[in-house]
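Number of protein chains: 4
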Amino acid sequence: MDFTLSPQLQEFQLQLRDFLREHVYPIEKHFDETRFRELLPDLEKARARVKERGWWAPALPKELGGMGLSLLDFATVSEELGRSPLGHYVFNCQAPDISTMELLHVHATAEQKERYLQPLAQGEIRSCFGMTEPDYPGSNPVWMGTVARRDGDDYVLNGRKWFCSSADGATFSLVMAQTDPEGADVHKRASLFLVPTDTPGWRLVRNLPVMGLAGQDWPSHAEIALEDCRVPATSMLAGLGQGFALAQQRLGPGRIHHTMRWIGIAERAFELSCQRAVFRQLSPGKTLADESTVQHWVADMRADIESARLLVMRTAWRLEHLGSKEAALDVSLIKFSTAAMLGRVLDRAVQIHGGLGLLDDLPLAFWYRHERGARIYDGTDEVHRASAGRRILKSWK
Amino acid sequence: MDFTLSPQLQEFQLQLRDFLREHVYPIEKHFDETRFRELLPDLEKARARVKERGWWAPALPKELGGMGLSLLDFATVSEELGRSPLGHYVFNCQAPDISTMELLHVHATAEQKERYLQPLAQGEIRSCFGMTEPDYPGSNPVWMGTVARRDGDDYVLNGRKWFCSSADGATFSLVMAQTDPEGADVHKRASLFLVPTDTPGWRLVRNLPVMGLAGQDWPSHAEIALEDCRVPATSMLAGLGQGFALAQQRLGPGRIHHTMRWIGIAERAFELSCQRAVFRQLSPGKTLADESTVQHWVADMRADIESARLLVMRTAWRLEHLGSKEAALDVSLIKFSTAAMLGRVLDRAVQIHGGLGLLDDLPLAFWYRHERGARIYDGTDEVHRASAGRRILKSWK
Amino acid sequence: MDFTLSPQLQEFQLQLRDFLREHVYPIEKHFDETRFRELLPDLEKARARVKERGWWAPALPKELGGMGLSLLDFATVSEELGRSPLGHYVFNCQAPDISTMELLHVHATAEQKERYLQPLAQGEIRSCFGMTEPDYPGSNPVWMGTVARRDGDDYVLNGRKWFCSSADGATFSLVMAQTDPEGADVHKRASLFLVPTDTPGWRLVRNLPVMGLAGQDWPSHAEIALEDCRVPATSMLAGLGQGFALAQQRLGPGRIHHTMRWIGIAERAFELSCQRAVFRQLSPGKTLADESTVQHWVADMRADIESARLLVMRTAWRLEHLGSKEAALDVSLIKFSTAAMLGRVLDRAVQIHGGLGLLDDLPLAFWYRHERGARIYDGTDEVHRASAGRRILKSWK
Amino acid sequence: MDFTLSPQLQEFQLQLRDFLREHVYPIEKHFDETRFRELLPDLEKARARVKERGWWAPALPKELGGMGLSLLDFATVSEELGRSPLGHYVFNCQAPDISTMELLHVHATAEQKERYLQPLAQGEIRSCFGMTEPDYPGSNPVWMGTVARRDGDDYVLNGRKWFCSSADGATFSLVMAQTDPEGADVHKRASLFLVPTDTPGWRLVRNLPVMGLAGQDWPSHAEIALEDCRVPATSMLAGLGQGFALAQQRLGPGRIHHTMRWIGIAERAFELSCQRAVFRQLSPGKTLADESTVQHWVADMRADIESARLLVMRTAWRLEHLGSKEAALDVSLIKFSTAAMLGRVLDRAVQIHGGLGLLDDLPLAFWYRHERGARIYDGTDEVHRASAGRRILKSWK
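Chains as they are written, first to last, in the working numbering: chain A, 26 to 422; chain B, 26 to 422; chain C, 26 to 422; chain D, 26 to 422.
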C-alpha cells in the first residue's frame, strides 16, 4: 500500500497551484454565490485555458474527454482545486456533476449518454441530484415521501426534494423515488430516474437561503416540487429498485472528492493564517507570529491537516484497490473526521484574522459558513459515527 | 449579593417573551440584513406598541424617556430581547446606540444632548462609533493611525476606521483619534469626538461584506474614511486625552448587554432545538429526542446556558454595586466564556436541525455566522483571556 | 432566591481555610491511602481540635452533636474542606458516613440509632454502603443480583457488591438487596438492610486496587461477598421495597456535598497553579506567569470554577427550598457538569506543574487519578446527561 | 515514500501479538511497579523465549546481538510491544536503555562499549539518564544547575537531577552537566558523562512518588544527588560541549519509539473497550455496544488512532530517509499530537469501562495515570507546539 505521490503528480500539483493563483484566484475575488452568472464569462475563459492544457475533467475517463486519473491521483488534484471555491468548477469536476457523470458512465443507455453525459462531460450543461426531502430525515435513506407510480409506459412522480444542489440552471436531474413503497426489502423500494428539468411537473420552488444567501446557478441549493411529473419508463437507471444501491455507489468516491476538497480548503486557510500572522503587527515590531498562542494554533492546524490527509489518501487507496465494501468503514471514518478537522482549522483561521476573518475580502468567511454543512451533507456526523461504530463493534461480538 | 429576579421582573420577562412572539417574531421571519429598510415600517409599528406599553428604552433613565432599569434588571431584559435579532432594536436599546446614549448622558454638553441625545433616545436618529482601524490591531487600543490635529478652534481628523457598526444611515459618529500621538502616557494619547456624518471629509467607504452579506442601515458594519474632516474643538467629549478612558467606561455595561443578549440567543436556539428534537421523526414513531446523543446535547446545552447566565448576573451585580474597577476581572471572564458558550450552543443547535439548521428559515443560521464575531468584537477571546490571566496572576506574586 | 453567603458564613469560611492550613495540610503531606492507619493518631488530634471549636459534623443536626447547618451553608463548608483530601474526614462529614447518618436519622429505629447512629455521629465508628455490583451496570439501579430471602424472622442475603467505599474497618454496612426480584414495579423490588460487618457471611473479598493503589481503612473501596448472610427482619430500613427510594433520597444532598467538594479541589488546584506560575522561572527573570498560554489557562480555570460554583449553589438553594423533585434536573446537571469542570481544571493544573504535577509531593496527582472517578461514581456522565436530556425534552412534547 | 508494512513485517506483527498474549499478558496481570522485582524471574523466562526466537533487541544492530531493524520497521514492533506495559522490557528495547545503547554505539570508546554497552545489549545490566533538574525547567534544555568542574584528569560533578527513569538498580548513568557555564554559545555549555552509579558522590535520593506510587527497579523515576562526584575525564562522551547535541540526537528516534508505543497502548485500550462494550449488559439483552454514544466513541477512537499512526509512520520514514534535520518539524508534531490522541483514547476507554476502568484489574488505569506524563516528558506539549509553530511561521516571513 503506497499512496504517496508520483513525481509526475507532484509536478502537476505545483502546476495546478500556479494555475489557480494566476487564473482562478483573480475571479475568486469577485465570487458571490448570489451573482454567479456575472462570473460565467470569466469562468469560461479559465475553462478554455484548462482544456488547452489538457487538464479538463481530470476524474473522467479519456473516452469522455477527461484525464482518466485514478481515484488516488484525482484525490490530490481535488485537494489542490479545493483551495478555491471555484477550482472544481473551472476543471469540470464539481459536485454534483462529477458524481452524475460517473453514474451515467456506468448506468446510462446509449441515448442518455449522447444526450446528457456527453454535453455534461464537455461542460455545456449541468445536472442536479434529488434525494433529500424536507419532511424526511436524511439519516434514513430508505424512508422517503416521493413516489413514482407506474402508468403504462411511463412513471408519474410526486413529491418534494430539497438541498438539490445546482438545480438552478440544470438541464436534467436524477431523482430518487419509491417505486415499491411497501416492499419487504426496504433497500429495494426506490429507483432512480433521469428527469429533464423542463419536464412538466418539475418545478424549482426556491433556491434555499443557506447561511444568509440564496445562491444562483451552480452555487445554489434548491427545493424542488414534483407534481404529476411524467417520464418514460426508460428514464429509470439501472433497473427497478436500484435507487438505494446507486446512491450508495455514488457516495464512496464522492466522499474522497469532498474530503480532499476540504483538505484543500484547510491548506488555503492555513496559508492565509500564516501569512496574516507574520504580517499583522500587534505593536511596533511585534507580530501575531510572535505570540505563543498563535504558534500553538499553527502547530495544531499543521498536525491536524497532515494526519487527516494521510487517512483520506489511505482510504482512497483502499477504495481503489480493495473496493467499496472493504473500504466502507474507512469512508465513514474520513467523512466525519475530516469534516471535524475542517471545522477546527477554519475556526482557528478566522480567529487569527480577527475582524478580517469575518469579511468576504478573503474566502475564509465563505467557507466558515458554507462548509458548516460538511458535518451535515452526505450523511451527518452522527450517522457516520454510529454506522462506523456499529460496524466495528459487530466484529467483536 | 442577591442577583435573583424580583417577582415584578419575572412577570415583565414573561410579558416580553409574549410580546416578542406576537409582534417581533413575525417581522423576524422577513429579516434580511441586506434589505433592512423594507422592514422599517413594520418595525416602527412595533416600536409604537413598545412605547404604548411604557417599555421604551428600558436601559435609559426616565428623564430621557426610558424605563430607568438598573443594570441588573436590564440584564434580564437584554436576555429576553436577545431571543430575536430584532428585539433590542424594537425597544431602542440596540448597540451601538445604547452605549452612545449612556456616554452622552454623562459627558455631552447641553447643546449636544439636545441635538443628538434627545432624538437618539426617542429613536428618531441613529449613531455609530469609530474605534477599530483596518491597519491596526483591535487588541491594542492605544495604537491607532487616526489623528486629530488642532487647527485654531477646530480639529482636523484624518484616518480610517472599520467595523463601524450601523454607520449606514447614522446621523452622527463618535470617533476616537490621537490628539497627542507621541504622548508619554499612551492611555492619554487619544480623544473622542462627536462627528456628524454629513461633515465634509467623513465618508462611508463601504458597508463591509460580513459572512456573505454587506448589510444595510442598522444591521451593517462600515469602513469609514476621515479625510481632512474638520470639527469644532467643542466636539471633543470629556476633555483632551480622555478617549481611552471613555472607551473603557463604555465597554463595561456594554459587555453585560452583549453577554445577556447572547444568552437570549442561546435560549432561543435551545428552544428551537428541543422543539425540533421532539418533532422530527427518524423513522415512524421514533424522534430525534429518543436518541441518547441528542439527550446528552440538550443536557449539555442546559448546563452551559444556566452557568453562563449566573456568572453574567453576578458580574452585573458586582459592576452595579462595586463599580467597574472591582468588576474588571469578572467582565473579562464573562466576555470570553459566554461567547464560547454561545458558539457551542449554536453549533449544537445547527447540528440538531440538520439541513434546516443551515437555512435562513430559522434565525439559527444568522446567528451562527453573525455571532462568530462574538469571540472577536469588543476584545478577542485572546485579549480577554490574557488580560484576565495577568490580573489574577499579579495577585499571587 | 438568594444563595450568597451570609457574613457569618464568610467568616467561618476563612476560619476553616486557616484551620486546614494549620492543622490539616501538615497531615496531608503524609497522606497515603495505603497506610492511612498510620495517620489516625494525628487525625484524631485534629478531630479533637475541631470538636473544641464547635465545628464538629457541620452537616448533622444539633441533637446528634453537629452544627446543624442548612444544606446551602454546608455547601460552602464542603467546598472549603474539599481543599484537602482529609478535610471532610477531620470534620466527620466524609462520604459515605455523612449520607448514612442522614439516612439513619430519618429511618432508623431507636435501637439502631443508639447502637449505630450515635457512635457514627461521634466519629467512633464508620460505615459503608453496598449498592453497585460487579456483574450489573451501575447505570441501571433496578437491576441487581443480590437477593434477600425471607426466612422466618430473618432475611438471608446472598450476592456480591463492589465499590463499597470505606468497608475496610467499618462497623456496619447498608446493603441493597432484592426482596421481590420478580415484582411488577421494578422500583419496589429492593429493600435496604443494616448489616453489621461481623455478621457471619459478610466477607470483605478485597480492597479494590484503584488507579494503582488498594487503599486502607477509610480511603478504600471494597468488594464484598454476602454468603448466606442472615440478619433479623428488623434490620430492614423504612419498609419492604423502599430500597430504591432510599438510595435516591440519599443521593440528592450527597451530590451537593460531592460537587462542592470538587469545587474545593478545583480551587486548591487553581491556587497551586497560580503559585507555581509566578514562582517557576523559564529563563532568568521570566516565569511561567509571563506566558500567554498560562495566562489563558488561568483565566479559563477561573471562569470555569466560578460558573460551576454558582450552578451548584443555586441547585442547593432549590433543593433546600423547593425539594428534591423540583431540583432533580438541577442535580443531574451539576453532577456531570461539575465533574467535567474538575477534570479540565486538574488536567490544566498538572500541565502547569510539569513533572512536579505528576508527583505525590502535591495533592494534584492524587486528585488527578482518584477523581477520574467523579465522572463515574454516583451515576456516570452518560446516565446523568441522558436522564437530564429526557427530562427536558419531555416538557417540549 | 512508502511506509506501508512489508508482508514479512505484517507476519512478525501477528507473531508478536500472539507472543504477548501467551507469554507477557499473564505476567502483566501481576504487574505492580512497587514490587517489580518479584516479577523478574518470570520476566527472565520470557526474555529467554524472545532470545530463542531470535527477536531479542529488535532495534539494535546485529553486531550487538539485535535484529537490526530499520527505524521504520521497529516503529511497528514498538507499537506491538506497547500493547503491554512490559512489552518493551521483555524484548530489551525499553526506555531509557534503548536510547542509551544507540548513543553508546556511536559515541562510546572501545572500553566503554565492552564494559557497559555489551552487557546492556545482553540485558544483564540497566542504565539511566540524568537530564531534567528539579529547580530548572525542562523546557529550557540549555539552562541547568549541575556543573562538572575540571580537576586534573578528572571532572567533579555537583548538582541534582530528577525524573531519572530506572535509576534504581541501574549500573551506570549518563549525566548532563555544564562544563562551561558562562560560555557564549549556550548550546555548547554542557557535556555528557558516563557515571557508574557506585561512584562515590552519586546518590539516589528517592524513587519519586509518581501518581501514587514510587516504583522500583526498572519502572521507577529517581531523584539523584551528585555530591563531589568524581569521574575520569575519559568518561565524557563525544567531546567537550557536545552534551546538548547528544541529547537532541537521542530524542529523534526516541520519539518514534515513544509515539508508536503510545499507539500500541491506544490499540489495546480500544480492543478492551470493544470487548467490554459487546459484553456488558445494561439491561437484559441490551449491551453497551447498542448505545449510540458508545458507537460514536468507538468510531472517534478508531479515526483518531488510525490517523495518528499514519502521521508517525510518515515521520519515521522521513527521519530515516531524509535525516533528523528535515524531519524536525514532523517529530515535534507527532510528539504532541500523538500524546493528545493517547489521552483522549484512554479517557474514553476508562469511561466505557465505568468503575472497572478505575481498577488495576486491567492495564487501563495504569496507563491513565502513568501516561499522563506523555504530555510532559521529552518536551511538554507547549514546548513542542511553540517550537513547531515558530518553525512553520519562519518559512512564511
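Just to be clear, a hint being listed does not mean it is correct.
If chains are identical, the list can't say which one is meant, so a pair holds when it fits in one copy or spans any two.
In silico lysine to aspartate or glutamate, EDC-like type, Cα no more than 20 Å apart, as pairs [as the list claims (entries may be wrong)]: (1) K138 / E207; (2) K87 / E77; (3) K54 / E248; (4) K422 / E292; (5) K70 / D315; (6) K422 / E296; (7) K87 / E296.
I should point out that these hints are in silico values taken from the structure, not numbers from a laboratory.
Original post:
Can you give the numbers of the hints that this structure goes against, from lowest to highest?
Top reply: Hints 1, 5, 7 are the ones this structure does not satisfy, whereas the remaining hints hold.
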